[in-house]
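*Asks:* Fit chain B to the known structure of chain A by using the hints.
Protein chains in written order, with the working numbering: chain A, 1 to 412; chain B, 1 to 412.
Hint data in this document are derived by calculation from the structure and do not stem from the laboratory. Check before you lean on any hint, since a few could be wrong.
If chains are identical, the list can't say which one is meant, so a pair holds when it fits in one copy or spans any two.
[Stated by the list, open to error] Simulated crosslink set (DMTMM-like; lysine to aspartate or glutamate; CA at most 20 Å straight-line): (1) Lys234 to Asp85; (2) Lys34 to Glu169; (3) Lys34 to Asp227; (4) Lys334 to Glu122; (5) Lys234 to Glu39; (6) Lys234 to Glu357; (7) Lys161 to Glu100; (8) Lys334 to Asp7.
Protein chains: 2
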Amino acid sequence: MGILEFDGQCYLDGRASDPRELGWMHGAPPPADKRITFESDCFRTFPQIRWSLSHMRELTATVNVWRGPGAPSHFQRQDRTNEIDALAFTDANGRPRRFEEALFDTYADGMVVLHRGRIVYERYFGALEPQLPHACHSVTKSYAGTLAAAFVHEGVLDDRKAISHYLPELYGTAWEDATLRQVMDMQTGLAHTEIYADENSDLWAYSRACGFRPRLAGYDGPQTMCDYLATVRKEGAHGETLDYKTVNTEVMAWVISRVTGCSFAQLLQERLWAPLGCEEDAYVVVDSAGIPMAGGGLSTSLRDLARFGELMRCEGVWSGKQLIPASVVQDVQKGDHSAKLPDGYSYRSQWWVTHNELGAVEARGIHGQRLYIAPEAEMVAARFASHPVASADASDLITMPQMLALGLMLRG
Amino acid sequence: MGILEFDGQCYLDGRASDPRELGWMHGAPPPADKRITFESDCFRTFPQIRWSLSHMRELTATVNVWRGPGAPSHFQRQDRTNEIDALAFTDANGRPRRFEEALFDTYADGMVVLHRGRIVYERYFGALEPQLPHACHSVTKSYAGTLAAAFVHEGVLDDRKAISHYLPELYGTAWEDATLRQVMDMQTGLAHTEIYADENSDLWAYSRACGFRPRLAGYDGPQTMCDYLATVRKEGAHGETLDYKTVNTEVMAWVISRVTGCSFAQLLQERLWAPLGCEEDAYVVVDSAGIPMAGGGLSTSLRDLARFGELMRCEGVWSGKQLIPASVVQDVQKGDHSAKLPDGYSYRSQWWVTHNELGAVEARGIHGQRLYIAPEAEMVAARFASHPVASADASDLITMPQMLALGLMLRG
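So that you can see chain A by itself, here it is in the shape it has in the complex (with noise of 0.2 Å):
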C-alpha cells in the first residue's frame, strides 16, 4: 500500500485513500467507523475529506447558487488525454514526474484543462463526479474579489473609501481605516493569526464563528461571521505588506451585500452562473445568520469552475457577451510589481499573479484546489483535489511546475 510522507507525517498515497475503496459512507447505514459527520469534525481531516470536499452540504447548511432556467453552455472538445497524462516535467524538488501520476501524488478529485475554450482533458477521481460539487476552499475568493472589483469599475462601490464608511459598525475593529482597496488585496495589519496547522490559530475561531467547524459544548464565542469579524484590531499598519488573512475576504463580500442589498450567493448566480451558462447549481456554506462564507465556502462544479477561468481568460467576454469589464480582467492580470513575493507571485483583487511567461494568474485553496488560467497559452486548467495537507507548500512542488509544462505544451 503506497504512503506519501510531509512534514514528517505519513499517509496513505493518492490511490490507496480512494474514498470509494476505503467505504466511507458506504450501506444503509454506513457502519459507524465509516461515517463521516460534521459535529465530530472529522470531516477535515485526511483520509475522510477525500469524501467530504465532494459532498459538504450533506454536513451542514448551504445556500444554493441557482443556473437558472436556460440551457447550460456547450464545450467543444478535442480530447488530448493521452498526451497530456504523459506530459514529462521536472518538480520543484528536480524530480522528473509524468502528468497522470502527479495528479495521484497530489490526491487529485479532478482536472479539466481547456485550450482555445475547448475541453482538451478531463478525468475524475475519488469521490468527484461531473455533477458534483466540490469544496473551493480559497478559490472562492477569488470569485468575490472578481465582483468587487466589477462593482469598483462601475462606481458601485469606491476603494479607496475606508471600511467603516460602508459598515458603521465597524468602527473601532482593525477595519476602521483600511481602504477597500487594501481589503481586496490583503494588505491590511490584523491582530489575526491564519495558520492551518495551528489548531489554535484565530482562522479556526473565526471558522467557528461562521459554521464551518462544530463548536464544542459550552461554546460562548462569536455567533455569527460578523459578529466575529467586529473582534478582529488593528495589529502594525495597513497597506505596506500583503498578509493573506481569510477575514479580509469576508469583509469585502460584507461591504458588497450591505451596498447592493444582494448576498453574494445571489450576485453570483445573476453575474456568473446563470450568464456564463454554468451546468449545475453551486452552493455556500452559510453562518447561523444566513450570511454565505465568501472566503472559502463555494462548492461548484469542475467544468463550472473552468467556466469561469474561460471568462477571466477571454478578459470578461462569455458568448459575445462582456460580463466583467476587460479593465478588471487586465489590472488583476497586471498585478502588483510593488509587492511580490519571494516566489515572485503578487496578489491583486483575490487572485494569485504568477507574473510568469504564460501571464498566468491563479485562484488558489487550500488542500489543493486551482485555478490556473494562462492567456499565452490559451489555457485554462481546474482542478480540485483533498490532499491531506491544508497548506498548499506540499503541492505546489509538483502543481506548480506541472501547469507550467502543461501551459507550454500547449502553446506549442
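*Replies:* Frame of chain A; chain B shown alone:
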C-alpha cells in the same frame, strides 16, 4: 391587520404573515430579531415557517437529488387563473368561500394546477419562487411508497416478508414481525406517539435523532435515525388498523436501501427526477449518518411536484415511457376498503385515497402540503403552504372541499 384563530390561538393571517413583509433573514446581516436559525428551533414555529419551509437547506444538512443533464420536460399552458381564482365553494363548516381567498386563509405558498397535463393555474406567495424547493413534509412518504410498491411489483422486494427478514438488526423491535406491506400501509402496532401539538410526543425524539430538530445541550439520545428506529417497541397488533406513524416510512425506506444498495435520494434521482425531466434539483434532509429522511425530508419545486402528480394521473406513463408500473398506481387508487377512516379515506402504499367521485388520491404533509390527483377530472393540483398549525385539520376544512370543487369545475 388580519388575525385568524385556530384551536383557541390567534395568528397573523396569510397576508399579514407574508415573510417578505416581515423581513425575515433580510439584511447584511439580518437584525438579530429577524434571524431564523435551526439551533433555536424557531425555524419550525409560526410565523418563521413562512420563510423557512422555502429555505430548509439553509438551516441544516441536505443531500441533492440531481435532475440529470437533460433539458427539462415542457408543460403546455392554458391559463385559467381568473376563472379559478373566482371559483366559489362551500367549506366543511358550510361557509361560502372563493378559491383565491381560500389560498390566503390556508397560508398557501404556491399552487399549480394541471388539467389534461397543461398548466391552467400557477401562483406563488410568501417566500416561495418557482425555482425554490419547498419542504414537502409527509408528501415525501408518497414518493417513497411509490418506489417501494414498484420494487414489490418488480420482485425486488416481497411485501409479505417480515421487516426483520431484510433488517436483522430489527429483531426484538416493533418491526420484527411486521410485514413490509403492513409497514407500507401503516398498519402496525407501535409504542410510539405522533402528536404534533405535544412537545413530549415520540415524534419529536425521532426528529431529533434524524437531524430534523435541534438537540439540547447534553443530548444523549439516539445519534441517527436507524439508532432511533431500533428503540421502538410493539404495542398491540400489526395488520389490524391504520395507525399513521412516520417511523414506518423510515423503516420501509431502510429496507429499500438495504436491498437496492441505493439511498432514497439516489432512487428519486434515477427513477423519477431524471426520467421526468424535472426542472430543478430537489434535496432531502439527512441525519448524521447521511441517511435521507424518507418520512418527511424532501424539498422540491412546485412544478416538479406537479410532474410527479401527472405521472400518477397517467398511470405511471411519462412521455411514452412506463416509469412506474400501471398496476402500482391502480393498486393505490383502489385504496383499502377494509380499513376506511370515518372521513371515508383509506391509506395505501403511503398515499391517502379519498374514494370520492373524482377517484382522487392525495399525498399530504403537515402545515398544508398537498398533491391532489383526480383522474376523473384529468386534474393534478400541487400546493405548498406554511400554515401555523402542523396538523391538517385546520386547513382540510377548507382545502378538501376546495380541491373537490376545482376538480368538478375542470371536469365540466
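*Asks:* Mind listing which of the numbered hints don't hold for this structure, in increasing order?
*Replies:* 1, 4, 5, 6, 7, 8
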